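Asks: Listed below are the residues making up each chain.
Number of protein chains: 2
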Amino acid sequence: MISIEDARSLIHSQLFTPKPAFVELENSQNYFLAEDINSDRDYPPFNRAAVDGYAVRFSDIDSGLKTFHIAAEIYSGEGFDQIVEPGRCIKIMTGAALPQGFDILFKVEHCEVLDDVVAIPEDEIKKGLNISQRGENVKKGEIIIQKGTRVDEKIVHSLAAAGIYSVPVFSLPRVHIISTGNEIVAVNKQPSDFQIRDSNYFGLAFQLAKFNIKPESHQLLGDDKQEIRDGISTAIGGDILILSGGVSMGDRDFVPEILTELGVEKVFHKVNIKPGKPFWFGRLYHKDLNKTTFVFALPGNPFSTLVTYKIFIEPWLYACFQNPGLKHYFMPIVHEKKLKDDRPEYFPVKLILSGQVSSVEALRFHGSGDITATAGSDGLAFFSGNKLELVKGDPVEFIPWN
Amino acid sequence: MISIEDARSLIHSQLFTPKPAFVELENSQNYFLAEDINSDRDYPPFNRAAVDGYAVRFSDIDSGLKTFHIAAEIYSGEGFDQIVEPGRCIKIMTGAALPQGFDILFKVEHCEVLDDVVAIPEDEIKKGLNISQRGENVKKGEIIIQKGTRVDEKIVHSLAAAGIYSVPVFSLPRVHIISTGNEIVAVNKQPSDFQIRDSNYFGLAFQLAKFNIKPESHQLLGDDKQEIRDGISTAIGGDILILSGGVSMGDRDFVPEILTELGVEKVFHKVNIKPGKPFWFGRLYHKDLNKTTFVFALPGNPFSTLVTYKIFIEPWLYACFQNPGLKHYFMPIVHEKKLKDDRPEYFPVKLILSGQVSSVEALRFHGSGDITATAGSDGLAFFSGNKLELVKGDPVEFIPWN
Numbered sequence: 039m040i041s042i043e044d045a046r047s048l049i050h051s052q053l054f055t056p057k058p059a060f061v062e063l064e065n066s067q068n069y070f071l072a073e074d075i076n077s078d079r080d081y082p083p084f085n086r087a088a089v090d091g092y093a094v095r096f097s098d099i100d101s102g103l104k105t106f107h108i109a110a111e112i113y114s115g116e117g118f119d120q121i122v123e124p125g126r127c128i129k130i131m132t133g134a135a136l137p138q139g140f141d142i143l144f145k146v147e148h149c150e151v152l153d154d155v156v157a158i159p160e161d162e163i164k165k166g167l168n169i170s171q172r173g174e175n176v177k178k179g180e181i182i183i184q185k186g187t188r189v190d191e192k193i194v195h196s197l198a199a200a201g202i203y204s205v206p207v208f209s210l211p212r213v214h215i216i217s218t219g220n221e222i223v224a225v226n227k228q229p230s231d232f233q234i235r236d237s238n239y240f241g242l243a244f245q246l247a248k249f250n251i252k253p254e255s256h257q258l259l260g261d262d263k264q265e266i267r268d269g270i271s272t273a274i275g276g277d278i279l280i281l282s283g284g285v286s287m288g289d290r291d292f293v294p295e296i297l298t299e300l301g302v303e304k305v306f307h308k309v310n311i312k313p314g315k316p317f318w319f320g321r322l323y324h325k326d327l328n329k330t331t332f333v334f335a336l337p338g339n340p341f342s343t344l345v346t347y348k349i350f351i352e353p354w355l356y357a358c359f360q361n362p363g364l365k366h367y368f369m370p371i372v373h374e375k376k377l378k379d380d381r382p383e384y385f386p387v388k389l390i391l392s393g394q395v396s397s398v399e400a401l402r403f404h405g406s407g408d409i410t411a412t413a414g415s416d417g418l419a420f421f422s423g424n425k426l427e428l429v430k431g432d433p434v435e436f437i438p439w440n
Numbered sequence: 039m040i041s042i043e044d045a046r047s048l049i050h051s052q053l054f055t056p057k058p059a060f061v062e063l064e065n066s067q068n069y070f071l072a073e074d075i076n077s078d079r080d081y082p083p084f085n086r087a088a089v090d091g092y093a094v095r096f097s098d099i100d101s102g103l104k105t106f107h108i109a110a111e112i113y114s115g116e117g118f119d120q121i122v123e124p125g126r127c128i129k130i131m132t133g134a135a136l137p138q139g140f141d142i143l144f145k146v147e148h149c150e151v152l153d154d155v156v157a158i159p160e161d162e163i164k165k166g167l168n169i170s171q172r173g174e175n176v177k178k179g180e181i182i183i184q185k186g187t188r189v190d191e192k193i194v195h196s197l198a199a200a201g202i203y204s205v206p207v208f209s210l211p212r213v214h215i216i217s218t219g220n221e222i223v224a225v226n227k228q229p230s231d232f233q234i235r236d237s238n239y240f241g242l243a244f245q246l247a248k249f250n251i252k253p254e255s256h257q258l259l260g261d262d263k264q265e266i267r268d269g270i271s272t273a274i275g276g277d278i279l280i281l282s283g284g285v286s287m288g289d290r291d292f293v294p295e296i297l298t299e300l301g302v303e304k305v306f307h308k309v310n311i312k313p314g315k316p317f318w319f320g321r322l323y324h325k326d327l328n329k330t331t332f333v334f335a336l337p338g339n340p341f342s343t344l345v346t347y348k349i350f351i352e353p354w355l356y357a358c359f360q361n362p363g364l365k366h367y368f369m370p371i372v373h374e375k376k377l378k379d380d381r382p383e384y385f386p387v388k389l390i391l392s393g394q395v396s397s398v399e400a401l402r403f404h405g406s407g408d409i410t411a412t413a414g415s416d417g418l419a420f421f422s423g424n425k426l427e428l429v430k431g432d433p434v435e436f437i438p439w440n
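Going down the list, the protein sequences come from chains A and B.
Residues in the first sequence are numbered from 39 upward in steps of one, following the working numbering.
Residues in the second sequence are numbered from 39 upward in steps of one, following the working numbering.
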């Protein structure tokens, strides 16, 4: 049995290396960038009016001028090539480009205007007032978004602004999923009194959907060696194979044995973690194809499946896409909590927001079969110290679901 | 100009009421449940072995027995109808159903087995040991997931476990999006020196995609009254219309005027918020159809669009789906920060995780045109007090992007 840290570093010692590809901007959500994105021009691309108002030359004010004739109007989207005599101002709208030399802009509501003469407010004379300077946000050629960044609702603004309509992203791994267990039936079938429904497939599929990954196949296999052998054989050609069930110590837990038989190199089996101890990880190198299939075999209890995906597979997937992954937070726990044994234990928690500092509350929870406990939770918490009773205020690591 | 609180309560005073519909479980991700979900049976549905081991009757131990002959083996998924004589044990695998009367289960690795005789460990005699009791997580008929809950990777486990293959969800609103401004060009076109690209459409579309909403149309309109009038007319028949640009005080900010002309009742225009002051909200009641179109007109600066969507539209959408929405967190700020004026100001922040308590750091930020500043951010922060200089440790409200 190895530690969580050792398990994680063994998993991370080899990454799936996704090939670069291009997707259209409107289809790029949740993909990861395969290249740094550089700005195609300064941003703002011109000295930009930040308000509606009157633009003058600072030098004119310096010469003592306080009122200005309106020489022209400029609207956003327009160029301007007139010559404006000294001592005159320009009416300009938010978003428009200031002409060369006009370097101070007064808000329309701060000026007094009589016919076409504008009196400027004398208490806010400052070069550059209300003007976003060309290139003040980004200079042409500068990296605006780094490789490995996930395209989301904020990033898409920058991609669009830079004119990246065809987005360089990492292509997705081919993933196969297998659920095992005689006690498992498909969700749309009626279970016997001794069976439960296959929720793990949907849990895993929804997790992977957050990476835009759609599993190529899903099988539900009984606890029968030949059935498992045949099932795995058809699913082992992709990039990632995720199994649930059949990895523990029972007489019909055939998965580790059959994976080994099929040539998958075991990297480790069993981790000092609760829940999820029977977690199995291995790799199959296909010499003919010069590629590796990564095999994760998770314990079949739904909560164990969820935790081991979250703790081992999800961070590895982020790493494969060159992304640092979800942040973990340190927060105090609001009530005492007994831990069950000396394995590092993950439990579902809710965030609590009363007071100035946030904290987490452990939810009523019946152990690894109790999937409903996670329904109202915001994430998992984890205590890394070595005591078995947490007291109010003890800091725990909080891992948000999203 | 009204306060953020008043704006929010005016927006929330009328909700879009989505009709219930059914989607298949595998397509239900990110939908909101239109009904409470009840458990179709106890969960676990039987007294379930939590480990691989040997099950005995507690009464036999009470009578002084310490060793037991193995009478049978039970695997998961199997029923059992043999009669087992007193003083005998059953070998049972994780996930299998314990037969009537067997109420204590010893882990296989804690027992000594010689031929078919098992000696139980004497230091852990406790009725119910290693058994998940039928119904301990959920009783048949109990509500396991409430109406309004978003279907995610945890909830899908419970839906699957309860056999909900056809999921009752709220249908989605029909949304139209319009970007306005002579300075705006489509992302796949080359802007002139005085133009910028239309990033707001993609920003809004990606926000809505998180609700599975796909806009029915998108228009990019110049600052021309007739063009705007025609454009809005074709987009006003849906449930929600979101515009960006053209709502400020400029001479060509025609949007509010034209919305009123077209019969949209203005609920308010201008909010005491930075950025986003020119935000406009109204409703059009279609008498013939007995339905309302909700109209949100956002300022066109990308950051202003992002903030006003996040602060006003997103919470309203959650409310329409009967969901409480994203949690806000209170956290200390790590550095001093000057606020720009007396409007309540939203600024992009990064989470900082050093130390036992999390905090937020304000990012370098050039104001509402500076969309790149949000790229590395984890959310928005907001200080609700009335001072203009925050000092290290001042609590701010943190609104995560997700």
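No lab work stands behind these hints, which were simulated from the structure alone.
Every value quoted in this text rests on a predicted model; they were computed, and no experiment measured them.
Keep in mind that a hint or two might mislead.
Which copy is meant is left open, because identical chains are indistinguishable; a pair holds if it fits in one copy or across any two.
[Said to hold, decoys possible] No more than 20 angstroms apart at the CA atoms, straight line, and that leaves these computed lysine to aspartate or glutamate pairs for EDC-like: (1) 425 - 303; (2) 178 - 295; (3) 388 - 435; (4) 329 - 180; (5) 248 - 435; (6) 248 - 141; (7) 185 - 119; (8) 376 - 162; (9) 430 - 62; (10) 365 - 399; (11) 376 - 80; (12) 248 - 64; (13) 312 - 147; (14) 145 - 380; (15) 378 - 147; (16) 57 - 73.
Asks: Taking 20 angstroms as the upper bound on the Cα-Cα distance, should residue 425 and residue 303 be classified as within, between, both, or neither?
Replies: Answer is neither: 36 angstroms inside a copy and 62 angstroms across each miss the 20 angstroms cutoff.
Asks: Given a CA cutoff of 20 angstroms, do residue 365 and residue 399 count as a within-copy pair, a between-copy pair, both, or neither?
Replies: both (19 angstroms within a copy, 14 angstroms between copies)
Asks: Cα distance capped at 20 angstroms. Does residue 378 pair with residue 147 within a copy, between copies, both, or neither?
Replies: Between copies, since 18 angstroms is at most 20 angstroms while 67 angstroms is not.
Asks: Checking residue 185 and residue 119: alpha-carbon separation at most 20 angstroms within a copy, between copies, both or neither?
Replies: Neither, since 40 angstroms and 61 angstroms both go past 20 angstroms.
Asks: Is the C-alpha distance from residue 329 to residue 180 at most 20 angstroms within one copy, between copies, in both cases, or in neither?
Replies: neither (36 angstroms within a copy, 49 angstroms between copies)
Asks: Could you place residue 57 and residue 73 in one of the four classes (within, between, both, neither) given a Cα distance threshold of 20 angstroms?
Replies: Classified as within; 11 angstroms inside a copy, 43 angstroms across copies.
Asks: Are the CA atoms of residue 376 and residue 80 at most 20 angstroms apart within a copy, between copies, both, or neither?
Replies: neither (57 angstroms within a copy, 26 angstroms between copies)
Asks: When no copy is specified for residue 388 and residue 435, does a C-alpha distance of 20 angstroms or less occur within a copy, between copies, both, or neither?
Replies: Both: 13 angstroms inside a copy, 18 angstroms across copies.
Asks: Which holds for residue 248 with residue 435 at a C-alpha limit of 20 angstroms: within a copy, between copies, both or neither?
Replies: neither (23 angstroms within a copy, 27 angstroms between copies)
Asks: Pop the pair residue 145 and residue 380 into one bin, within, between, both or neither, using alpha-carbon distances up to 20 angstroms.
Replies: between (66 angstroms within a copy, 17 angstroms between copies)
Asks: Go through the copies and call it for residue 430 and residue 62: within, between, both or neither, with a Cα cutoff of 20 angstroms.
Replies: Result: close neither inside a copy nor across copies, 50 angstroms intra and 43 angstroms inter.
Asks: How do residue 376 and residue 162 come out at 20 angstroms by Cα distance, when the copy is not named: within, between, both, or neither?
Replies: between (62 angstroms within a copy, 19 angstroms between copies)
Of the hints listed earlier, those the structure fails to meet are numbers 1, 2, 4, 5, 6, 7, 9 and 11, in rising order.
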